[in-house]
Amino acid sequence: MISDIPGELINGQGGQVIEQYRNFVVSEKSKNAFKAMVNVLLDPGNAPSIQHCRGGKDRTGYGALLILSMLGVSEQDIIADYMLTGANRLERNNVKMAAYRQITDNQDVLDYLLTLIDTREVFIVEALNAMKAMSGSVNDYIKTELGFSDADFKTMQGNYLE
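Heads up: the sequence shown begins at 0 in numbering that gives the first Met the number 0, then just goes up one per residue.
Misleading hints may appear alongside valid ones.
What the hints assert, rightly or not - Here are the computed distance ranges between Cβ atoms for each label pair:
| id | residue 1 | residue 2 | range |
| --- | --- | --- | --- |
| 1 | Gly135 | Ala97 | 42 to 52 Å |
| 2 | Glu18 | Gly135 | 41 to 51 Å |
| 3 | Pro47 | Lys153 | 36 to 46 Å |
| 4 | Asp149 | Asn45 | 33 to 43 Å |
| 5 | Met96 | Glu120 | 18 to 28 Å |
| 6 | Asp149 | Pro5 | 15 to 25 Å |
| 7 | Pro47 | Leu89 | 24 to 34 Å |
To be verified - Heads up, simulated EDC-like pairs for lysine to aspartate or glutamate below, C-alpha to C-alpha not over 16 Å straight-line:
| id | residue 1 | residue 2 |
| --- | --- | --- |
| 8 | Lys30 | Asp110 |
| 9 | Lys95 | Asp110 |
| 10 | Lys131 | Glu144 |
| 11 | Lys34 | Asp149 |
| 12 | Lys28 | Asp110 |
| 13 | Lys34 | Glu144 |
| 14 | Lys142 | Glu27 |
| 15 | Lys34 | Asp110 |
Note that these hints are calculated values from the structure, not bench results. None of the values given here were measured: they were computed from a predicted structure. C-beta: ideal position from N, C-alpha, C; glycine also.
All chains should be built: construct the whole structure from the sequences, respecting the hints.
Structure follows, in structure tokens:
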């Protein structure tokens with residue numbers, strides 16, 4: 000229920016989503032889940048593959064970050080790819096926001112709800128920064144925290160770039 004939302008989160012800044020992206024990086028549960036996803040993609044018998052989640056931006060966006068990094072895509076292009084999600088979800092988000100307006104006219108709550116479905120650069124940048132803070136670089140994070148090797152990077156590239 001709307002009344003259950005902590006007051007400090009009802010500000011339209013996306014603090015809850017930013018924390019979620021940070022948790023993708025630091026949570027052992029998330030690390031294990033995304034490691035399993037990467038392992039599926041490392042098996043050439045699984046190519047091509049489709050990665051998805053319920054909403055298609057948070058878990059999918061972070062998973063795409065890992066895959067694209069292993070494929071050698073630049074950080075700038077990873078961010079740009081993530082931001083395409085916002086354009087692709089614009090109509091869906093407008094429909095959701097119209098439905099939310101039927102429930103409440105509290106603009107603070109509406110701003111909060113928008114942060115949950117919106118695609119913001121700050122979200123994916125939070126994950127990138129957390130990875131770099133932990134390991135120095137995104138690729139080093141993938142190696143040290145998720146346990147993948149240079150050979151795994153080459154396998155991923157061979158599976159999807161050649």
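- prompt: Checking against the hints above, which ones are violated?
  reply: Of the numbered hints, 2, 3, 4, 6, 8, 12, 15 do not hold.
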